[in-house]
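Asker: Kindly generate the complete structure, drawing on both the sequences and the hints.
For the record, the sequence lines run as chains A and B. Residue numbering for the first sequence follows this note's numbering, beginning at 7 and increasing consecutively. Residue numbering for the second sequence follows this note's numbering, beginning at 246 and increasing consecutively.
Just so you know, these hints were derived from the structure itself, not from any lab. Incorrect hints may appear among the rest.
[Unchecked claim] Pulled from the structure, derived: some chain A residues nowhere near chain B, Cβ distances all over 12 Å:
{"#": "1", "residue": "11"}
{"#": "2", "residue": "13"}
{"#": "3", "residue": "19"}
{"#": "4", "residue": "21"}
{"#": "5", "residue": "27"}
{"#": "6", "residue": "36"}
{"#": "7", "residue": "63"}
{"#": "8", "residue": "74"}
{"#": "9", "residue": "111"}
{"#": "10", "residue": "114"}
{"#": "11", "residue": "122"}
{"#": "12", "residue": "124"}
[Stated by the list, open to error] One side only, chain B facing chain A, incomplete, derived with CB under 10 Å:
{"#": "13", "residue": "294"}
{"#": "14", "residue": "304"}
{"#": "15", "residue": "309"}
{"#": "16", "residue": "312"}
{"#": "17", "residue": "314"}
{"#": "18", "residue": "315"}
{"#": "19", "residue": "317"}
{"#": "20", "residue": "321"}
{"#": "21", "residue": "401"}
{"#": "22", "residue": "404"}
{"#": "23", "residue": "410"}
{"#": "24", "residue": "412"}
{"#": "25", "residue": "439"}
{"#": "26", "residue": "441"}
{"#": "27", "residue": "443"}
{"#": "28", "residue": "497"}
[Stated by the list, open to error] Pairs of lysine to aspartate or glutamate residues, derived as DMTMM-like cross-links and limited to a Cα-Cα distance of at most 20 Å, are as follows:
{"#": "29", "chain 1": "B", "residue 1": "499", "chain 2": "A", "residue 2": "81"}
{"#": "30", "chain 1": "B", "residue 1": "321", "chain 2": "A", "residue 2": "51"}
{"#": "31", "chain 1": "B", "residue 1": "316", "chain 2": "A", "residue 2": "120"}
{"#": "32", "chain 1": "B", "residue 1": "297", "chain 2": "A", "residue 2": "47"}
{"#": "33", "chain 1": "B", "residue 1": "301", "chain 2": "A", "residue 2": "51"}
{"#": "34", "chain 1": "B", "residue 1": "316", "chain 2": "A", "residue 2": "117"}
Even glycine gets a Cβ: it sits at the ideal position worked out from N, Cα and C.
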Amino acid sequence: MARLNDDAQWIVLMGFLVSFSFFFLALVINQSTVVGQTTAESVIEFPKNDIRDVRSVIHQSLNVASPVFNDVESDIKIISMNRKSSVVNYSFFSAANATYIQIHYNNGVTEYNENWTIV
Amino acid sequence: MVAQHIVGLNDRGVSESIGFLLIFTIVIVGIGLVTLYGYPLLLKQQVSADEKIMEKNMIVLQNDVKSLAYKTVPYKETSMKIGSGSLSIYNSSHQPSFSNITISDSSGTIIYKFEPGEMRYESISAQTDISLQNGAVILRPRLSGGSVMLAEPRWFYDAPTQTMVINLINFTSEGIMAREGIGTIRMKMGDYNYTQLTPANPVTVIYTPNPSMDYSVAWDNYFMKIPGMAHDQPPGSGTPITYTLPPVNSLVIKTYEVKIESI
Numbered sequence: 007m008a009r010l011n012d013d014a015q016w017i018v019l020m021g022f023l024v025s026f027s028f029f030f031l032a033l034v035i036n037q038s039t040v041v042g043q044t045t046a047e048s049v050i051e052f053p054k055n056d057i058r059d060v061r062s063v064i065h066q067s068l069n070v071a072s073p074v075f076n077d078v079e080s081d082i083k084i085i086s087m088n089r090k091s092s093v094v095n096y097s098f099f100s101a102a103n104a105t106y107i108q109i110h111y112n113n114g115v116t117e118y119n120e121n122w123t124i125v
Numbered sequence: 246m247v248a249q250h251i252v253g254l255n256d257r258g259v260s261e262s263i264g265f266l267l268i269f270t271i272v273i274v275g276i277g278l279v280t281l282y283g284y285p286l287l288l289k290q291q292v293s294a295d296e297k298i299m300e301k302n303m304i305v306l307q308n309d310v311k312s313l314a315y316k317t318v319p320y321k322e323t324s325m326k327i328g329s330g331s332l333s334i335y336n337s338s339h340q341p342s343f344s345n346i347t348i349s350d351s352s353g354t355i356i357y358k359f360e361p362g363e364m365r366y367e368s369i370s371a372q373t374d375i376s377l378q379n380g381a382v383i384l385r386p387r388l389s390g391g392s393v394m395l396a397e398p399r400w401f402y403d404a405p406t407q408t409m410v411i412n413l414i415n416f417t418s419e420g421i422m423a424r425e426g427i428g429t430i431r432m433k434m435g436d437y438n439y440t441q442l443t444p445a446n447p448v449t450v451i452y453t454p455n456p457s458m459d460y461s462v463a464w465d466n467y468f469m470k471i472p473g474m475a476h477d478q479p480p481g482s483g484t485p486i487t488y489t490l491p492p493v494n495s496l497v498i499k500t501y502e503v504k505i506e507s508i
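Answerer: As structure tokens, this is what we get:
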């Protein structure tokens, strides 16, 4: 009876190894879409530029003379609510050689508070 | 001849055909077991995988709606595969409506019966519905009661300024549309309405579910997360539920219309 030639059994074993590694790779790739999506979402949703814009506008508004000042303040609040769906509130007071501004920003996802001192 | 038999292995009892039969039987039994038990399990896996993919797809669609509504993007389209079920759009004028929202303060009604409509994925074998409505993604088992919110809409209460922001989003389309398989969902920004007022407290939100398509449990869980919110009855009975908001100094209601061009 002819004997089996089993010199190449390692090919079969390698096949097993490769297929198992594909299996685990598939598991990892399957998870990565979820992770990528959530990360991308939170990066997009973070309102960094909105906050910067509001800060700079508030800073500019401090130079406005007093009768117009209240109008500018309410405009800032209304426009940021209308366009960006964000609640903006701020107050400030000037001491001897510095101005202190308290900014409150909230768009439902990110809440931001700042005590800003301008010397 | 005799010398050869002593040196080599004694294989006088070995039959090639019996060996073949044994191995063949094992293979056939193996195939049979896999077909009997493994294949249904595999199909089930496929259905639940399709459902998971659709959960993700619905969140992608919710992001599209968010871009249209909150980021003033005029137009969005997304291609996706809708497997093991169908995706349909029931617009806001569809009757009977699936739910409506009435907002009023103590001096009168501010929003009367806002009907959001919905985009719904109905899974054939898993018996679950995934619905995109009013900016939220909700999963609902069709036979048992209850529902769960997969992604939340953007309503919020800002405690320092006592501002309540309510975003209402409705879908409009030309009739009912449905899709199975690969398709492109195209949506466009429609009307936008903005109301800001100082209400006469207490402000109430009345959520009226449709008893046959009851998403009230998910919405109740979401509303009750807002600090200071109170409801008059537990959800799930199909009757209108009245929510009383915490003291509101400034009430902002934004209504957006999202036009579904095609599915």
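Asker: All hints are to be evaluated individually against the structure, with a verdict given for each.
Answerer: Going down the list of hints, with the structure as the test:
1. Listed as outside the interface, residue 11(A) is consistent with that label: its C-beta sits roughly 16 Å from the nearest C-beta of chain B, beyond the 12 Å cut-off.
2. Residue placement check: residue 13(A) keeps its beta carbon more than 12 Å from all beta carbons of chain B (closest about 19 Å).
3. Every CB of chain B is more than 12 Å from the CB of residue 19(A) (nearest about 20 Å), matching its label as outside the interface.
4. No Cβ of chain B comes within 12 Å of the Cβ of residue 21(A); the nearest lies about 18 Å off, and the non-interface call holds.
5. With a cut of 12 Å on Cβ distances, residue 27(A) stays outside the contact zone with chain B, its closest approach being about 21 Å.
6. A cut-off of 12 Å between C-beta atoms contradicts the statement that residue 36(A) is not in contact with chain B; the least separation is 9 Å.
7. Listed as a non-interface residue, residue 63(A) keeps its Cβ farther than 12 Å from every Cβ of chain B; the least gap is roughly 18 Å.
8. Under the 12 Å C-beta cut-off, the non-interface status given to residue 74(A) relative to chain B holds; the minimum distance is some 21 Å.
9. Annotated as non-interface, residue 111(A) brings its C-beta within 12 Å of a C-beta of chain B; the closest such distance is 10 Å.
10. Here residue 114(A) does not stay apart from chain B, with its beta-carbon only about 4 Å from theirs, under the 12 Å limit.
11. Non-interface status of residue 122(A) relative to chain B is upheld: no Cβ of that chain comes within 12 Å, the nearest being about 16 Å off.
12. The Cβ of residue 124(A) sits about 22 Å from the closest Cβ of chain B, beyond the 12 Å cut-off, so the non-interface label holds.
13. Hint status for residue 294(B): holds, given a least beta-carbon distance of 9 Å to chain A, under 10 Å.
14. For residue 304(B), the interface hint holds, the least distance from its beta-carbon to any beta-carbon of chain A being 8 Å, beneath 10 Å.
15. Checking residue 309(B) against chain A by beta carbon gives a least distance of about 12 Å; that is not within 10 Å, so the hint is violated.
16. Annotation: residue 312(B) was flagged as interfacial toward chain A, and the flag holds, the nearest CB pair being 9 Å apart, inside 10 Å.
17. Proximity of residue 314(B) to chain A holds as hinted, the smallest CB-CB distance being about 9 Å (cut-off 10 Å).
18. The interface hint given for residue 315(B) holds, since its Cβ lies 5 Å from the closest Cβ of chain A, which is under the 10 Å cut-off.
19. The beta carbon of residue 317(B) comes within 7 Å of a beta carbon in chain A, closer than 10 Å, and the hint placing it at the interface holds.
20. Evaluation of the residue 321(B) hint against chain A yields a violated restraint, the C-beta minimum of about 13 Å exceeding 10 Å.
21. This hint holds: residue 401(B) has a C-beta 4 Å from the nearest C-beta of chain A, less than the 10 Å allowed.
22. Evaluation of the residue 404(B) hint against chain A yields a held restraint, the C-beta minimum of about 9 Å falling below 10 Å.
23. The beta carbon of residue 410(B) is positioned within 10 Å of a beta carbon in chain A (closest approach about 6 Å), and the interface hint is therefore held.
24. Hint status for residue 412(B): holds, given a least beta-carbon distance of 7 Å to chain A, under 10 Å.
25. Evaluation of the residue 439(B) hint against chain A yields a held restraint, the C-beta minimum of about 6 Å falling below 10 Å.
26. Using the Cβ-Cβ criterion of 10 Å, the hint placing residue 441(B) at the interface with chain A is satisfied: the shortest such distance is roughly 7 Å.
27. Because the beta carbon of residue 443(B) sits about 13 Å from the nearest beta carbon in chain A, more than 10 Å, this interface hint is broken.
28. The beta carbon of residue 497(B) is positioned within 10 Å of a beta carbon in chain A (closest approach about 6 Å), and the interface hint is therefore held.
29. Proximity of residue 499(B) to residue 81(A) is assessed by CA-CA distance (about 18 Å); at most 20 Å being required, the pair is judged to hold.
30. About 17 Å separates the Cα atoms of residue 321(B) and residue 51(A), which keeps this hinted pair within 20 Å; it holds.
31. Using a Cα cut-off of 20 Å, the hinted pair residue 316(B) and residue 120(A) is violated, with the two alpha carbons roughly 24 Å apart.
32. Taking the CA atoms of residue 297(B) and residue 47(A), the gap is about 18 Å. The hint holds against a cut of 20 Å.
33. At most 20 Å may separate the alpha-carbon atoms for a hinted pair to count; residue 301(B) and residue 51(A) meet this at roughly 17 Å.
34. With a C-alpha separation of about 18 Å, the suggested pairing of residue 316(B) with residue 117(A) holds against the 20 Å cut-off.
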